[in-house]
Amino acid sequence: GQQVMQIPQYQHVQEGEDFTTYCNSSTTLSNIQWYKQRPGGHPVFLIQLVKSGEVKKQKRLTFQFGEAKKNSSLHITATQTTDVGTYFCAGILRSGAGSYQLTFGKGTKLSVIP
Amino acid sequence: DGGITQSPKYLFRKEGQNVTLSCEQNLNHDAMYWYRQDPGQGLRLIYYSQIVNDFQKGDIAEGYSVSREKKESFPLTVTSAQKNPTAFYLCATRTEGNTIYFGEGSWLTVV
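Line by line, the protein sequences are chains A and B.
Residue numbering for the first sequence follows the numbering used here, starting at 324 and increasing by one per position.
Residue numbering for the second sequence follows the numbering used here, starting at 514 and increasing by one per position.
Since the hints were derived computationally from the structure, they do not count as laboratory data.
Predicted, not measured: the structure shown is a model, and the values here were computed from it.
The reader is advised that the hints may include incorrect statements.
Quick list of in silico lysine to any residue cross-link-like pairs, SDA-like style, CA-CA up to 25 Å [claimed, not checked]:
{"#": "1", "chain 1": "A", "residue 1": "432", "chain 2": "B", "residue 2": "583"}
{"#": "2", "chain 1": "B", "residue 1": "583", "chain 2": "A", "residue 2": "423"}
{"#": "3", "chain 1": "A", "residue 1": "379", "chain 2": "B", "residue 2": "610"}
Turn these sequences into a full structure, and let the hints steer you where they fit.
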């Protein structure tokens, strides 16, 4: 079945440093999504990437979808303490037969040291 | 106010008991999901439903059961057959644009 690997599992950074988390899929994806879960909270949708090679930005966050649509990354510039949480990617695979499969990566837990 | 309501937020279960977690949504979404999250771990799919009166097993369905009699409701029963049920349970819906919305979750502890 479809697998989505996410690395690293944990990342500790000094406030102001950059942070990147990577997702790799075993199959070519239709779309990829990113979610953020604050400590004690529930995952919240951040963004969806659809096109090969797509790059989207949200303030200090930059999301990329690989040319082959099998990998993606989330980069945070100059981290702040408000960035603390776990970031999940979710790969979506749709088939012509109407099937839909969504697979979450295991997440990257980001800690920011003030 | 539109959204997903999960209840109870905290639940304690004695060994051998069945418990049911409620999930109600007023977003008019067809697809609903139940995920389990263990501390520091990712999301594992228990069951999902694409439409009323239909549901499918996810990756870790053993020891759980669901029903989908109404579009708004997708309750999850954790049965006594689930040997390690202590976890954070998340209900979710999916929009036509594939965005997943999560409820605030229910913490289940076996005592």
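Hint check results:
1. A/432 to B/583: Cα-Cα ~36 Å, so violated.
2. B/583 to A/423: This hinted pair holds, its Cα atoms lying about 22 Å apart.
3. A/379 to B/610: With a Cα-Cα distance of about 17 Å, the restraint between residue 379 of chain A and residue 610 of chain B holds, given a limit of 25 Å.
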